[in-house]
Amino acid sequence: MRQLQAEIITDAVRNMCIEANCILPDDVRKCIVDCHQKENWTSAKESLGKLIENYEIAEREHMPICQDTGVVCVFVEVGQDVHVMGDLNEAINEGVRQGYSEGYLRMSVVADPLRRVNTNDNTPAMIHYDVIPGDKLEITVAPKGFGSENMSKSAMLKPSEGIEGVKRFVLQTVEDAGANPCPPIVVGVGIGGTFDKVALLAKKALMQPLDEINSDPFYAGFEDGLLDSINSFGIGPQGFGGKTTALAVKVLTMPTHIAGLPVAVNLNCHVARHVSRII
Amino acid sequence: MTVKTISTPLTKDIVSSLDCGDTVLLSGTVYTARDAAHTRMIESIKQDKPLPFSIENAIIYYVGPTPAKPGQVIGSAGPTTSGRMDIFTPDLISAGLSGMIGKGVRSAEVIDAMCTYGAIYFGALGGAGALLSQCIVSSEVVAYDDLGTEAIRKLEVKNMPLTVIIDSKGNNLYINGRNEYIGAVKEGVQCRRKG
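So the sequences go chain by chain: A and B. Residues in the first sequence are numbered consecutively from 1, following this note's numbering. Residues in the second sequence are numbered consecutively from 1001, following this note's numbering.
Looking at chain A on its own, in the form it has when it is part of the complex:
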């Protein structure tokens, strides 16, 4: 059994919170640059150019790419042969606390959804654990803004609605979101599982590298088809018209019940932040 001090996890989460908010991942940059080159609607091309300028300023000045530095979603894959010395949840939250305070990031979390008093340290993080073989611990930190989170949806479809039903639901969600989630967006789709699992799948779909093709050719084609349909809507960057409404569509699936077809769509803005570390 490998022993791991909780402080190491706190330090890693602290650094990842700051990095994720100030430095846009390479795959997202590549995708924005690519869309900027391919966009032929003048005003849309200009908007995409300004988004590139924005993330370049953020990196240079070491300041947040977006003022909504989000609620921190943390995905932890815990090797079953790792023993964390100390309180793992608290170690992660302490990392968030330090990162948000020392990184001059915005405190955007309220302690109670109805009484709405700010916790003033951006905790608690939304933490998800998976136990995996091995003695390593992989942490992904993904600050999530709520402009796009608020436009996300889930539904329990009938199995007979099939692939067409899922397509309709995804496209309607993007259409309804319009300009609100700061297009160009990333569309995370979860299909299958249960009511609770499908939403998590959609969120995890947003962590997939944008430049990676789905290893299942059936879903690779499904993602491409959805992206083409979304980019024919004409919503465009900022919602002012144009081709580039979405940067990518990412789908994750899992087995489900004979009676059900759960689907969830989690939208992300173009500031698609996530950083991973293996400890």
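Keep in mind that the hints were calculated from the coordinates and are not lab data. Errors might be hidden in some of the hints.
Have a look at the derived ranges for each label pair, beta carbon to beta carbon [claimed, not checked]:
(1) A:S101 to B:I1182: 43 to 53 Å
(2) A:T119 to B:P1070: 19 to 29 Å
(3) A:R116 to B:S1107: 15 to 25 Å
(4) A:F195 to B:A1108: 27 to 37 Å
(5) B:P1009 to A:D216: 52 to 62 Å
(6) A:I23 to B:C1115: 40 to 50 Å
(7) A:D216 to B:S1107: 35 to 45 Å
(8) B:G1148 to A:K30: 27 to 37 Å
C-beta: ideal position from N, C-alpha, C; glycine also.
Given chain A, work out where chain B should sit, using these hints.
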């Protein structure tokens, strides 16, 4: 493309000179307010108490900035989703508010009030908080300090790049811009819009 350079206060003359789709460079004073500050301002109006700033011909920027680092005027400061403020906005427009800066769709009630009283809805580039912070030259909390990022700040801006999303005639860029693009694609025309 014509760029219109304007300064605050946002008088009715300026309001009526702006059209949906215009690119604007704004200089002068804007006040920040988002969800919690709006709730408090509407309470003040209901109780006949004065608002924390003069609302006549004023502009509200829907933003909750990140904290300024030492030496900075302000942190990242891009727009938040305006629609959450829709329920409060008609009362502020009827009280004199003539401009709003944000992103995302507005309700029919807000657009009606904008047409009735004369107001403009400007878009700032969503998700570009680092870029937009560069045109803010000063920032001072003027009310509701306890709300942290949601406090009302008086910002001085210089050449802030904005787009008129909805003008005082009710013309809406979210509808017109998209239709224009789709129309052009159908006609096989590209690179056309105000190019």
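Hint check results:
| no. | hint | verdict |
| --- | --- | --- |
| 1 | A:S101 to B:I1182: 43 to 53 Å | 47 Å, holds |
| 2 | A:T119 to B:P1070: 19 to 29 Å | 24 Å, holds |
| 3 | A:R116 to B:S1107: 15 to 25 Å | 22 Å, holds |
| 4 | A:F195 to B:A1108: 27 to 37 Å | 34 Å, holds |
| 5 | B:P1009 to A:D216: 52 to 62 Å | 59 Å, holds |
| 6 | A:I23 to B:C1115: 40 to 50 Å | 44 Å, holds |
| 7 | A:D216 to B:S1107: 35 to 45 Å | 42 Å, holds |
| 8 | B:G1148 to A:K30: 27 to 37 Å | 36 Å, holds |
Of the numbered hints stated above, none is contradicted by the structure.
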